Structures are given as structure tokens and as C-alpha cells.
Amino acid sequence: MQRRVIFDNKLLPYLLLAPQVAVTLIFFIWPASQAVWQSVHIQDAFGLRSEFVWFENFTAILTDPNYVSTLRITAVFSLSVAVLSMAVALLLAALADAKIKGAAVYKTLLIWPYALAPAVAAVLWMFIFNPEIGSLGRLLNAMGYNWDYRLNGDQALTMVILAASWKQVSYNFIFFLAGLQAIPRSVLEAANIDGAGPVRRFWTITFPLLSPTTFFLLVVDMVYAFCETFGTIHALTHGGPGKATETLIFRVYQDGVVNNDLGASSAQSVLLMVILIVLTTIQFRFVERKVHYS
Amino acid sequence: MSNAHMTEPRTTGRRLIDLVPHIVLIVGVLIFAFPIYVTLIGSTWDAATIGRGSLPMTPGAEAWTNYSQAWSESHGERASYTPVRLMLMNSLIMALSIAVGKIAISILSAYAVAFFRFPLRMVFFWMIFITLMLPVEVRIIPTYKVVADLGMIDSYAGLAIPLIASATATLLFRQFFLTIPDELVEAAKIDGAGPLRFFFDILLPLSKTNIAALFVILFIYGWNQYLWPLLVTNSADMETIVIGITKMIGTGEAANDWNLIMATTVMAMLPPVAVVVFMQRWFIKGLVDSEK
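In order, the protein sequences belong to chains A and B. Position in the first sequence (first residue = 1) + 126 = the numbering used here. Position in the second sequence (first residue = 1) + 324 = the numbering used here.
These are calculated hints, taken from the structure and not from any lab test. No experiment lies behind these values; they were computed from the predicted model shown. All C-beta atoms in this analysis are idealised placements derived from N, C-alpha and C, irrespective of residue type, glycine included. There may be inaccurate statements among the hints.
[Said to hold, decoys possible] Chain B side only, calculated, beta carbon under 8 Å to chain A, not exhaustive:
{"#": "1", "residue": "ILE429"}
{"#": "2", "residue": "ILE452"}
{"#": "3", "residue": "LEU456"}
{"#": "4", "residue": "PRO459"}
{"#": "5", "residue": "GLU461"}
{"#": "6", "residue": "LYS469"}
{"#": "7", "residue": "ASP506"}
{"#": "8", "residue": "ILE526"}
{"#": "9", "residue": "LEU528"}
{"#": "10", "residue": "LEU530"}
{"#": "11", "residue": "LEU551"}
{"#": "12", "residue": "LEU611"}
[Stated by the list, open to error] Quick list of in silico lysine-lysine cross-link-like pairs, DSS-like style, CA-CA up to 27 Å:
{"#": "13", "chain 1": "B", "residue 1": "LYS532", "chain 2": "B", "residue 2": "LYS513"}
{"#": "14", "chain 1": "B", "residue 1": "LYS513", "chain 2": "A", "residue 2": "LYS233"}
{"#": "15", "chain 1": "B", "residue 1": "LYS609", "chain 2": "A", "residue 2": "LYS225"}
{"#": "16", "chain 1": "B", "residue 1": "LYS513", "chain 2": "A", "residue 2": "LYS136"}
{"#": "17", "chain 1": "A", "residue 1": "LYS369", "chain 2": "B", "residue 2": "LYS513"}
{"#": "18", "chain 1": "B", "residue 1": "LYS469", "chain 2": "B", "residue 2": "LYS571"}
{"#": "19", "chain 1": "B", "residue 1": "LYS609", "chain 2": "B", "residue 2": "LYS532"}
{"#": "20", "chain 1": "B", "residue 1": "LYS469", "chain 2": "A", "residue 2": "LYS233"}
{"#": "21", "chain 1": "B", "residue 1": "LYS513", "chain 2": "A", "residue 2": "LYS227"}
If we strip away everything but chain A, and leave its shape as in the complex, we get:
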């Protein structure tokens, strides 16, 4: 946990820590505790008095059918984004890892989307799938398929899932590639001698050996889908049509900023924090285990 040789100084370590601790206290710990405090209080209309209400805000949102549907949409959205972007990334990484010509070029051409903001990725998709100006959007309509993600909720959800996954593939690709390169060549060569074909070899040897990477990416992608895709949704659908693409984070924004309902928004923030703390804890325990046994 610590080095053997250290410096003796009473004051210096506190001074070194001061900037980070100050920022953490002011912008993390204080607001997070505010959220917890507000989540168990109800403010009057003028924001002058608040009343302690136990878990009333939580029961209110959890029994709200709208919120339950937002939970369902978020689950569908995050799982789809995670599975879709991981499947595509794994396929591309497995192929780019093989000793083929130009592997380095393919790598460069596949990793740059990491640099795009989720909102910008959404805008690029809009240029193509917008039913009025997008080439593919117009093509779909010309072929007789009634395509307008601004009016059709299912199409809107499909659209944000595709745009969000498209952006996340490069991240997963980089980690799958790193995971594949960490697999000892001797293991694969042994399987090769045993006469297993490439596909069989992949599913019986490579894929199980990749499971730490796969699990890690599943958690990271879920967190990405929970938090960062706010930009994707805000740019493409604004949570609509109706509430068809409203995820938890979008609803926090909607209730807290647009509707100015602090109690409800804080209770949702607290729920989100709990979900994220659970997700990251699982991830860390898991990573620790991996470190211990390897």
C-alpha cells in the first residue's frame, strides 16, 4: 500500500493534497450531501421552508408509472448499447488481431471515433437518417417504410441506441484488442495443432480468456449509457417523442432544470448514485480479484 522509503515532513503533504481536497469537498462531497438532504425534504413553492418527509420523494417517484417506464427505457437502452457496441468491437478486434496485412492501418481507422463527443456522433447520424435531409432517411421512406424518428417512439429509441453504440465501438475495440494481445500465443498454437478451426478456437479458448475484459467493458459501457449519452439524446430527440427516449439522466435534467422540482430531482440523483456506486464497486472487487490471482 505504501513505499518503504519516504520523506519526513509534517506540513508539506497537507499542502500537496489541499487543491484536490478543496475541489473534492466543494464540488463533490458538498453537492452530493445536498442531494441526499434534499431527497428527504420537500420545499414549499417559494423555496423558503423545507419539511423532512422521510422517503416520501422516493416512494413518489418509484410509484410514478412515468418513472417506472423511464427505468425500463434506460435498462433497454443501456443493455442494447453495451451488447451491440461490444459485439461489433469484438468481431473487429478479433479480425484485426490476426496476423493480417495492414492490421495497424485498420486499427488507426477504427479508433478515431473515440474522439467524437456523444452529441456530435448523434448529429452525424441525424445528417444521414433525418427523414427530410438525410440520404438514408429519405431512402427508407422512398422504399415505402414509414421512417420518422421524430414521430415514432420505437424508431427514436432505435436511433439513439445506434448512435450511442456507434460511438462506443472504438473504446471497446481498443480494450478487446489489448485483451487479445495479452493471451499467450502458445495456448492458441496448441489448439491449432489439435486441429481446432479458427471459429471453434475463438469460442472455446479466446472468448473465455477474454472474460475479464468483457466484464469490465460491460460495466464501463453501462456507465457510459447511463451518463454520457445525455448529449446523444439531447441532440437527437430531446427525450421524445413523448417520453420514448427519456433515460434516467435525462429525467433528472428535465425535473431539476426544466421543471425546477428539486425534491424529485434529488431523489432521482440519489438513486442514480446508488446504481453507479454498486456498478463501480462490482467492477473494483472484480478487478482486485483478477490482480490477486494472476
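Here the structure of chain A is known, so what remains is to put chain B in place on it, guided by the hints.
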């Protein structure tokens, strides 16, 4: 002779199978490149052509007009916007402040935690660690309130400072510092170097690669922020370019200045993509290391 005849069909079959990975990878590359291509082409045509939905697949003649108009003017044919040069500067200041700020405060606190023993050391360590679990999005409203109370709305400080506490960078530097051999520290101490001298003359130069790797990741993180700048900037002069694009699009009607929007999108993508492509080695190292 007969041998050659027998192997001939097998090698051709082999070659076809060898082509499959290339075909799949090329299709993958095209799926990622196509939207960019369309946007690049769009930025060289006029708004009416794009608005009609008849955007050709080859470049038009309006590139110079579109880019120069988006770059410096505050209005298109149909609405008024913040000029791109202003938004790019805002994004650049925000991304650089976040990247440099995060690296600076993290390397200092990692140094304190790794090289000193003092009361409450683990309390501080865990306090920094817990921030890992709370991305700005989940505590957005109360954080906004704090920044508003401090009068930091519509300022660069408000855009950057609340985002510069980073457990990831601190953990990465701490991890690296733990691998520095004790003999090196002993030798420095025998030579009479104090902790600050050791930090600046030995530790900082040794951390160069880690700093470069983190810089790439954090610059992109800062550049691509969305929800936070959306809340803390009200004035058009403070808009970042990613927010600017979605404000230009509005509800996505056909009657938009699409030519300017596409030119703006291209300019918004260029800096972070250039950083990833030209600093690829550090970028991959930073990404993989900081998630360990």
C-alpha cells in the same frame, strides 16, 4: 507435377478465406467513415441543396463561403449563431484547463499519498477515491447550485474547476509512484535533495509519458463535455462548440442553415480527432492504463 495440381485449388480457396477478415474490417471502417464523409460533402454545398434532401455524393463549390461564414459571422440565412472561432476558443480553454488542472492537482496529491506518512492519509485517499463513483451527471443539479452560489456561472472557472477533481488520474500517478525504486529515493536523499527538489528534478521528468498519455484522454474528456456546459453557460459568448452545434440544429427542421451546421461540425471534430490520431501511442496507453 501432380502434387502441384492437387494443391492449386486449395491455395485459391485459402486466399478467398484470407480475404474475409479484410472485407469485414473494410466494411467496419466504412461504417465509421461514411457519416464523416457525408458531413464533409455537406459542408461544401449550399443550405437549399441540403434542405431539399438532394445532397450529392461529390464536393460542391461552397466550401470557402460556408467555412468562412461559420468561422467569423454571427448569423446565417435563417438564424443567428455564435461564430465558430469564439466557440472553438471556449472549447479549447475548457479542455486545456480541465486537462492541465486535473493532471496538476492529481500528481501533487498522488505524491503526498505515496511519499509521505501523515495522520488521516487514508481518509484523504478514500475521499478522493469515492469521487470516482460520482460522474458530474448524477450530481448535476446540486453541483450547479454550488457553482451558481459562488457566482461562477458563465465563466471559464465555472466550466472547468468543478470537473478537475479526478480519482482516475490520482490513482494512475500513485500506481506509477509505487514502482519507483527505493534506491533512487535513498540516493536523492543522501545527495541532500528535499521533497520538493526530488519532485521537480526526478519525479516529474520520470512521469513524462504518463502525463502525455493522461493529457490526451483528459483533453478529449474536456472537449466533449455536454451536460455541464449546457447548464453553466447562458450567454452565447461562452458557448462551447459541441453545445453550439445542437443549438444551431434546434428541432431539426429542414429549413436550417445545414451548410453552416455541417461546416461547424467538421471544425468541432477536427481538434480531438487530430489529438487521437497524432498522439495514438500515448492515447492508447492513457486509456488502458487509467482503467487498470
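(request) Could you check the structure against the hints above and give me the numbers of any it violates, in ascending order? (result) Going through the list in order, the structure violates hints 8, 9, 10, 14, 17, 20, 21 and respects the others.
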